[in-house]
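Protein chains in written order, with the numbering used here: chain A, 1 to 234; chain B, 1 to 224; chain C, 1 to 225.
Hints are computed from structural coordinates only; laboratory data are not their basis. Quick reminder that beta carbons are idealized off the backbone N, C-alpha and C, glycines included. Hints may contain errors.
As the list claims (entries may be wrong) - With beta-carbon atoms standing in for the labels, derived distance ranges: (1) LYS74/A / GLY192/C: 52 to 62 Å; (2) LEU229/A / ALA135/B: 46 to 56 Å; (3) VAL117/C / ASP162/A: 46 to 56 Å.
What the hints assert, rightly or not - Beyond 12 Å from chain B on every Cβ pair, some chain A residues (computed): (4) THR17; (5) GLN54; (6) ALA55; (7) GLN133; (8) LEU161.
Below are the chains, spelled out letter by letter.
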Amino acid sequence: MNIIELRGVGKQYHSKTALSGIDMSIGEGDSVTVFGPNGAGKTTLLKIISGLMQATRGKTFYNNKVYSESDIKKEVFYLGHKTALYNALTVQENMNFICRLFSLDHRGKSIENALRDHGLWERRMDPVNELSQGMKKRLALAKGFITNPEVFILDEPFTGLDLGWRSSVLSKIKNIRKRGKSVVISTHLVEEGYALADRVAFLHKGKLLFIKKKEEAEIGEIYSLFDSLGENIR
Amino acid sequence: MKTNRIIIFLFLSLLILMPLDFFLIFRVAPTERVMGDVQRIFYLHISLAMAAFLSLTVVFISSIIFLWKKDLKWDTAASVSAEIGVLFATLVLITGSLWARPIWNVWWTWDPRLLTVLILWFIYIGYFLLRGGIADRFRKAQYSAVIGIIGYVDIPVVRYATKWWKSIHPLLTKQGGGLDPVMKKVMFFSMATFFVLTVFLFLFRFRLARMEERLLILKKRMED
Amino acid sequence: MKFMHDAVSILRKDILLEIRGKESLSLMLFLSLLFLVIFNFALDIDKENVSLLASGILWVIFSFTGILGMGRTSMSERDEEAYLSIVFSPVSAESFYAGKVLSNLLFLLLMEAFTLVFFAVLFDFEKIIGMLPQLLPVLLLGTLGFALVGTLFSFLATASRYGEVLLPFLYLPVVVPVILGGVSSMDIILNGKPGGPGRWLQIMAVFDMLYLSISLLLFRYIIED
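Let's have the full structure, built from the sequences with the hints guiding it.
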C-alpha cells in the first residue's frame, strides 16, 4: 500500500520551475534515494513529500486520501539541512520536549535507549551547541527513534560530516529501515545513497530522469550520469 | 486583449473626466462661506481617501483569496493594489495638511481621521518592507497576505480608538443642513472620477506586473 | 484539553530556554532599565511631573522593549529551524501559536513588573505600586494585545532578510490602539482624571478578541514553507 503518492507534482517559484511532472509513490517499508546535482530540486521535492511545502501543480495523496497537512505531519519525520534542535537546551531537554509534543512518557527508558543507541547518553547533560556537527545529526535522528513515525524524510543527511560520522549516520538509517519504516533520502553521495535504497531516482533540473528498482539500475549508471552533468562527486 | 481594450477605454474616459472634475471643483461648486476657496481641496481630499480605502479593500480581499487558492496572481493583485493605496494615502495626508494650514493654522493636526490614514500608511509601508526582505516568491506572497489582512482589520479599531482619544474635525455644514446641493453633486462626480482612476490604475499596473513576471520566467528559461 | 496541554508544553520549553539561554527576558530587563535612565535625562523627571509623565514613559518602554524580547524568542525558534520539531508533531498550528503567546505574555508581564518597581524606586513614585490592583486589568489587556500581535509578527519578520529590524515597522502601527488604551487608562487611574478607564478597557478587550481570532486563523500560513 502506498503511504505517499505524488501525481504530476510541480513547483513554480517566482521565475523558476523547481519541479515539474513528478510522479512517485512511497510504499510501506519502501526506501527511495533521490540523487541529483545541486539545484536539481531535491530539497523542494522532499519538502513537498513531507507536507512542509505545497506543490503549485499536481496532487499529493497520503494513505490514498488527498493530503491533510495535520494528518501527514504526525506520521513524518523530516530532517532538513538544519537540525531542528534547540541549541541552548541540553540533549536530554531536547528529547523531553519531543516526548511532550507527542504525549509520550519521558521518564521511562525510551529516551535512554535512543540516546545510548546513538552514542549520546554520556553527553545528555550538555547543551546542544557544545556538540559536534555529527553528534547533532545523530541527536536529530534519535528524535525520530522516539516518536516512531511511519516515514523518515532525510534531506542530505551526510552533508558536513567526515567519513567516520558518515558511516555511523548510515548505520543509524539502516536501523530505521530494519524497523520496517519508509525512508526517503536525498544525496549526491552515490555509495551511501545506493546502499540504502530499494529504489533509486535521479532528479535533474526539476524533472525525474528515472525512478526504478535498484536491481534495474547499476551503480555505475548513476556515477556516469553525475559525470555527464559535470558534477564532481568523488 | 479584452483587458487591453478596457484599459484604453478607461484611459480615454479619464482624459475627459479629470479635466471636467477639476472644472466642476474650481468653477462650478459654490465657495464655502466660512472657509472660502480652500474648502475646494476637500473634494479631492475625500475622493482620494475613498480611492485609498477602496484599494486597501482590494488588498484585503485579494490576500484572503490568495491564502485560499494559493494562486500567485492574487498576490500580484494585492501588491499592486497596495501600491495604489499607499500612493493615494500619501496624497490624502498631503491634501489634509494643505487644508489644515489655512483653516486651523497648523500644518499637521492630530485629527482622528487623518491619524488613522497615517497609521494605515505606516502599516502598508511595512507591507512593502517585508516584501523587499523575502526572496522566495511564494513565501513573500503568503506573508504579505497575512499583513494585508491584519492591517485591514486594524482600520476600524484604530479609527474608533483615535476618535475616542480626540476629535476636532470641523463639520462642513451650513447651519447643520448638510452640504449645499451643488456641492453634493460635485462631490459625487469627483468621487466617481477617482473611482474610475483607481480601477484604471489597478488594471494598468496589474497587467504590467503580470507581464514583468512572464518576462522574468522567459528570461530564466533562455538562460537555462 | 489537548490544546492546552500542547500550549503549556511549549510554554515550559520557552521558560527552560530562557533559563538556559537568557536571551529574551534578561535582555528586556536591561533594556528597560536603560530606557528609564535615558528618560530621566530626556524629560527631567521630578516629584511634580512624575505622575503626569509616568504612563507615557512606561508604555513607550513596554512597547519597544517588548517587541525586542518577542523578536528574540522567535529567533530561538528560527535558529536551526527548531520550530520544525513542533510542526512535525501532533501539535496543531493553533496550539503552537497559543503556546508562544503564553510565553511572550509571561515574559512581557515580568518585564513590566520589573519596570514598574524600578520606576517607583528611581523616581520616588511608590504610589504606582500601591495602585497596582487598579492598574492590573490595564496591564493584562494591553500586554495580551502586544503578545497576540507580537507573536505573529515576530515569527513572520524573522523569516525575512532584515530579520528583527523589520519588526517595529510592522508591529508598532498595528498596536497603536493598545498603546493609546494603555497610556490613556493608566493616566486616568494615576491622576484620578474623570470618566474612568472603562471605555479604554473595552477597546483593548475588543482588540484582543479580534486579534486572537484572526491570528489563530493565520498562524498556520507562516509556519508553512
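Verification of the hints:
{"no.": "1", "hint": "LYS74/A / GLY192/C: 52 to 62 Å", "in the structure": "holds, 56 Å"}
{"no.": "2", "hint": "LEU229/A / ALA135/B: 46 to 56 Å", "in the structure": "violated, 26 Å"}
{"no.": "3", "hint": "VAL117/C / ASP162/A: 46 to 56 Å", "in the structure": "holds, 53 Å"}
{"no.": "4", "hint": "THR17", "in the structure": "violated, 8 Å"}
{"no.": "5", "hint": "GLN54", "in the structure": "violated, 6 Å"}
{"no.": "6", "hint": "ALA55", "in the structure": "violated, 10 Å"}
{"no.": "7", "hint": "GLN133", "in the structure": "holds, 26 Å"}
{"no.": "8", "hint": "LEU161", "in the structure": "holds, 27 Å"}
In this structure, the hints that do not hold are numbers 2, 4, 5 and 6, in rising order.
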